[in-house]
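**Student:** As a plain string of letters, each chain reads:
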Amino acid sequence: MAEARLTEAELRDRLDYLLSPVLSARRTAAPLAQLLAPLTREQQHFVLHWIEVINRSNYEMGYQFAAAAPAALVRLDAAAIETWIIEAMDTYDREGLHRGSEVFRQIGTWTAVAAGAETATFDEYAHVLELFVCGLAGRPLNLDTAAEPWTDTETLYLPPRIATLPTKAGNFSIYKILATLLWAQGRFGTFHADLKSACAGFADPARAAALLSHLESVRLEARIGRALPGIARDLVRLRGGEIDARCAALTAADATVGDSITLLHRLYDVLDAPRYAWTTKLRPTAQKMRDARIKREQGELARALAELAQENDPGTAPGAATLERFQIDAASAAADGSIDFELQFDGAPLAPPDHVRQLIDSVLQDLGDIPDDYLQAAGSAAYDAGAQVNTEEDESADAWHSLQHEAGAHFYNEWDHKRRHYRKNWCVLREIDVKPASSDFVADTLNKYRSQIVQLRRSFELLRGEDKMLKRQAAGDDIDFDALVSAYTELKSGHELPDRLFTRRHKNERDLAVLFMVDMSGSTKGWINDAERESLVMLCEALEVLGDRYAIYGFSGLTRKRCEIYRIKRFDEPYDDAVRQRIAGITPQDYTRMGVAIRHLTRLLNEIEARTKLLITLSDGKPDDYSDNYRGEYGIEDTRQALIEAHRAGVKPFCITIDSEARDYLPHLYGPVNWTLVDDVKRLPLKVADIYRRLTA
Amino acid sequence: MAGKISPLPAKALATEARVIDTEPYYEPCGNEVALFEAAYASQLPVLLKGPTGCGKTRFIEHMAWKLKRPLVTVSCHDDLTAADLVGRYLITSNETVWVDGPLAHAVRAGAICYLDEVVEARRDTTVVIHPLADDRRVLPMEKHGELLQAPPEFLLAMSYNPGYQSVLKELKQSTRQRFVAIDFAYPDAALEEKIIATESGTKAATASALVRLAHMTRNLKGNGLDEGASTRLLVHAAKLIARGIPATTACHSAIAEALSDDPEMLRAIDEFVSSVF
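As you go down the protein sequences, you meet chains A and B in turn.
Under this note's numbering, think of the first position of the first sequence as 330, with each following residue one higher.
Under this note's numbering, think of the first position of the second sequence as 50, with each following residue one higher.
By construction, these hints were calculated from the structure, which means they are not laboratory data.
Incorrect hints may appear among the rest.
As the list claims (entries may be wrong) - The calculated label-pair distances, taken between Cβ atoms and stated as ranges, are:
1) B/T297 with A/K777: 32 to 42 angstroms
2) B/T145 with A/T1025: 35 to 45 angstroms
3) B/G159 with A/G676: 34 to 44 angstroms
4) B/P77 with A/I761: 51 to 61 angstroms
5) A/P613 with B/G79: 38 to 48 angstroms
6) A/E938 with B/E202: 32 to 42 angstroms
7) A/E819 with B/P73: 47 to 57 angstroms
Where a beta carbon is used, it is the ideal one built from N, C-alpha and C, also for glycine.
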């Protein structure tokens, strides 16, 4: 049934129509049509279809694709081609037309993929690399992708994919080297010099920049090698030889970026920068970022030290000049780039809190020392810091305005994983009572599960720990005189003395508070909602037997300004008709913005005094919200951060889900064991109480 | 089949007061030795604060040796009651006998009593700790009807790890404000290298690589790890390396797996290892 392939003329017409905005008298569709003509009908359709899709973003990209596609079809299979297109479009979105069309033109790297090289992708190693550079730098650095690796000293840009070496491990080691080199650029002063003007004087500044990048790489590799010999070994192996003898001066322990620039002048005419898999690009943006950070951190440090002074000497008047009372002695940098320092206040050593330590460390990394004016009340710096804080709070300004007058609104921070810090007061949350429903739902449920409830109650009774005196114990606080008397008679009549002669007080250690967080998003509509409500009825029945303190809250919301927590049962409320009616009244609402709900409920749990605090989530899917990008990675990372906060606050989170895809994201959120999947919704009511029993036994 | 198992000559240690006659290896990081001696001379109880594995227990052993006092160590756990510390009646063939608990024993012997990880113990233990830890210096032994006055040689010491961010594991103000607190941090790089080399007999280069590794993991505290690698873990790894285990294997088992279960975190730590060695 194969249709005939399109002829060259037909193709030309189609291409003329599709690509007309980027065609001209000199650039016609004819050569493209000629290339596409020998392809099969399916391949032709594939290409035309994608040209149409790509055109929606940019016609020039469509043209570049059309030009590169025939060659790609020979070398790649359909799946690989689609990855190739997506990556080109991603690059276009992020870095513009020039870079995007470059991906289409450089099909060479993709043929390596097709030839069976095991590609290492940024996505699969991003987290490991993030941890790795955080360990190196002592402060979290962002990672992102770019066609050419470079850094602005706050974000390390790495290629989306490396397929230079035949093995995955080898390609990963290139990622590692790149990340280390980019970190080292910031750490070992590459941006202390004005790189742009250093290259500007040359006939070909681009060539000069590439050579300077190479020279800096030589210098930094030597620096890295002293602290991280493992990476140095990898570099030697990859380079396959010694470095050029003319660059040897840069391997000295005290070589600086200045030496690299000096050498650049000497070697500009005689040395070509070799191109390695780990060649990076130096961009002037880094200097701007660094300058901005230095300025910001000077202000932040001044503010943090002022706070510290207040804490250590409560007599200090607010706003009084305290900076001069501090002294920071930095020791010279160790081989691995870490710098030890001692903070003194009024001449006495003071252990700085973590955030102050990080700030000082960051300043030392940028400047190598704490400049004198940092510890002088210049004023301006501190005001800058104030300005910085205000801009952060501005984010929430609109949220404030719209809800300022509404009582009972809570404000919560939200974690932005891309920026690696919190958006201040980003979410507005209100507690609302569930509207009670006067239906027979609870009675029906009790009826439906009558026999199971009896069983459930029995199994929970077994868990119930009571405060009682245990008799005839082998060891204990006091003597059991009944046992002693009978033992004594046994002893007198020639038997052995029994050893169980003590009493021991067994305290009820079920000091437990549990909060159930129920997903009330729109997706629970229908039988999921029924199952949730039935589960809650069963749970309440069981928990009443057990005597654990428990509360039930629902959550939903629509955008960050309308996050809602629905009260179903508070901790101090008995399980009465009002609660039953509220359970019956649970109805699906909007979306699942989970982070803010977890933060609020953690706060509620923390007001309760209990040895163990549990936050159990009943959920049907991933965190999600309407608009503002909560869906996907952002929402998952925010939720994860909220759970980490809960953990730190002493709350143990657990998740019961019915989402069959939960395996893909729940281990990342809750850890490998703190969640469970109930794949059959109908069994949820029976399962939930059982899971709770196992969890707390 | 079954071969005869000959009993090994295990060294019997006194369960209660241990007299330390050989000097336990300890490198002072600051003025903690002088501080401890001054507190001891002034009959003030001591609280040792610091992360796990930074040398608190070793320090107390060293001080017991230095001050020539027996040492009674009690590892606190969540079932440890006041009676476990003070003592109780036991029954022999035809009478009840009072048996001192470790704390009472230490008071009588004028020993140093070290309550390790005191926040783990039950709340009721504070009843016996408080009167001992202020200027009364008495141990009430309710069941025995005795009030034990501590001799000047007796010292109460406790350890506490403020790194646990759990509200349940916080030391009450009424308890902590009775103690002279000595803060322990990880030693600085040069000192830590020396400690590792001395404890394990490994080469200086290995010790220095291990310290660099430790600093990287400590950088991750709060970014995926609850706690960085302690000096103790480094010593463990160094000992394995000294016995011929390759550094990557030794560090993976002694450090990475001890710090985390998260596969990506393990991978990141392994990458640290392959970078520093």
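**Student:** Which numbered hints are broken by the structure, listed smallest first?
**Tutor:** The structure breaks only hint 1.
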